[in-house]
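If you count the sequence shown from 1, position 276 lands on 276 in my numbering, and the numbers rise without skipping.
Just so you know, these hints were derived from the structure itself, not from any lab. Positions of the beta carbon are idealized from the N, C-alpha and C atoms, including for glycine. Hints may contain errors.
[Unchecked claim] Using C-beta positions, here's what the derived DEER-type ranges look like:
| hint | residue 1 | residue 2 | range |
| --- | --- | --- | --- |
| 1 | 43 | 128 | 39 to 45 Å |
| 2 | 54 | 33 | 20 to 26 Å |
| 3 | 242 | 48 | 46 to 52 Å |
| 4 | 27 | 313 | 23 to 29 Å |
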Amino acid sequence: MSAVTHTLREALRGRRPVAAVWWEACAVGRAVRAAWRGPGRERDLIVQSLKAAGAALIAWAVAGVWLDDPMALMAPWVALVLVQATVYSSVRQAGQQFTAICVGALLASAAQAITEDNTGALVLSLPVLMLAANWSRFGRQGIYAATTAVFVLASGTAVSAAAVGHRVGQAALGAVVGVAVNALVLPPIHLRDVRENLAALAREAGGLLHSVADDLRETRWDAQSAADWSRQAAWLERRLDALYSARSWSRESLRLTSGPLRRLHRGPTVVPPEDEDRRWSRVTGNLTALTRTLAVAADEHRTPAPPDGPVLDLYARLLRLIGDACRAEAGRLVGERTGAGPEAATEETMEELHRRLQEGLREHAGQGAARTAVLGTLLLQAENLWAEVVPEPHAPDQAAEQ
Numbered sequence: 001m002s003a004v005t006h007t008l009r010e011a012l013r014g015r016r017p018v019a020a021v022w023w024e025a026c027a028v029g030r031a032v033r034a035a036w037r038g039p040g041r042e043r044d045l046i047v048q049s050l051k052a053a054g055a056a057l058i059a060w061a062v063a064g065v066w067l068d069d070p071m072a073l074m075a076p077w078v079a080l081v082l083v084q085a086t087v088y089s090s091v092r093q094a095g096q097q098f099t100a101i102c103v104g105a106l107l108a109s110a111a112q113a114i115t116e117d118n119t120g121a122l123v124l125s126l127p128v129l130m131l132a133a134n135w136s137r138f139g140r141q142g143i144y145a146a147t148t149a150v151f152v153l154a155s156g157t158a159v160s161a162a163a164v165g166h167r168v169g170q171a172a173l174g175a176v177v178g179v180a181v182n183a184l185v186l187p188p189i190h191l192r193d194v195r196e197n198l199a200a201l202a203r204e205a206g207g208l209l210h211s212v213a214d215d216l217r218e219t220r221w222d223a224q225s226a227a228d229w230s231r232q233a234a235w236l237e238r239r240l241d242a243l244y245s246a247r248s249w250s251r252e253s254l255r256l257t258s259g260p261l262r263r264l265h266r267g268p269t270v271v272p273p274e275d276e277d278r279r280w281s282r283v284t285g286n287l288t289a290l291t292r293t294l295a296v297a298a299d300e301h302r303t304p305a306p307p308d309g310p311v312l313d314l315y316a317r318l319l320r321l322i323g324d325a326c327r328a329e330a331g332r333l334v335g336e337r338t339g340a341g342p343e344a345a346t347e348e349t350m351e352e353l354h355r356r357l358q359e360g361l362r363e364h365a366g367q368g369a370a371r372t373a374v375l376g377t378l379l380l381q382a383e384n385l386w387a388e389v390v391p392e393p394h395a396p397d398q399a400a401e402q
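With the hints as extra help, turn the sequences into a complete structure.
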C-alpha cells in the first residue's frame, strides 16, 4: 500500500491542481471509512449535519405547511443555522440571531416608510446594519440584521407592521425548533474529541521519537533529517492547539445538557483530566527542544558537535523505548488493552541504557566541551521525556540514583 502511495505521489509531483484534488478526494474517502467503522468525529459531523437538515424541514413543515404562512422562509433558515456544535452555543446564538433579525426587520421597515421605495430603503438601511453587524454583542450573528433587511425589502411584498411581525414570529419559531432539535436529538457532547486528540498527540510523539531513533541508528543524521524532525515537532504543536480547542468544546458541550440527554448520546461519559493536557504539553516542549538541539548539532556552521559511535546507538535505543511508551499511552487513552505497562517490561533495560550513556558522557568529556555539551543536553531531554511519559518512580534518572 505504501508503494502505491509513493508511486502516486511521484506521478502527481509538479501537478499541483491535480494533486490537490487527489489528496482532497483521499481525505474524503478516509473520513467516510472512519464514519462507517464506528463512533468518532466524522460520524458526529454526519449526525449534526442531518440534525440541521431535519430541523429545517420541521420548521418548514410547521410554518409553511401547517400554518400556511406565505412568509415561512425565515423559520427553516433560522433553524438550519442554529444546530450548532453545542447546545449552549445554539441557545446563545439563537438569542443573538433573533435580536439581529428583529433589528434588521424593524430598521428596513422604518427605512421603507421614510423613502417609500425599496431601493432607497436598502441604500438607507444597509450601511447602518453592516456597521451594527460588527457589534461584539451580536457575535457572529450580526450579519443576519443586514440579510433580514434584504429579505424584507426584496420580497416584493408591502412592508407593514403585520409583515414585520410575521417575519419576527417565523424567526422565533425557527430558533425554537433549531435549539430543541439540537438539545433533544442526540445532543452533541464533545468528550470524545479530547480523548482522541490526546491519543493522537501521544501516538505522533512516539512516531517522532521512532523517526529520530531510526535515523540516528542508521547514521543518517544531517541537516535534511533535522529539518524533517523539526517539521514533525511543529505538527505536534498544532496537535496540542487542537487538544486545547477540544478541551474548550468539551466544557461548553456539558453546559445546558442534562444527565438523561447525555446518556442518549451514547458517547463517552468521562473525559481525561486536564493534568493530561499539561503532561503532554511538557512532552511536546521537550520533544521540540530535543529536535532543536539535534538540528543545531547537525549544522556544519555551528560549534556544537554531535556524538557518534556506540553512544549514539545507545541514545537511539533509549529514544525508541520512550517512543514505545508513548504509543502504549496512546493505546491506553483510547481503551486498548496493552497488557503490562511499558515501564514494567523496560525498566531494567532503561536503567542499563542510562548507566551506559552516563559512562559515554564521561568518555566524551575528554573529546572536547562542545561534543560533551551536546550529549549531556540530549541525555537530559531524554530523561525529562521518560519522566513524563512513564510516571515515577521509573524515570531513569531516579533509577540511577537507587
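Evaluated hints:
no. : hint                 : result
1   : 43 / 128: 39 to 45 Å : 44 Å, holds
2   : 54 / 33: 20 to 26 Å  : 25 Å, holds
3   : 242 / 48: 46 to 52 Å : 18 Å, violated
4   : 27 / 313: 23 to 29 Å : 39 Å, violated
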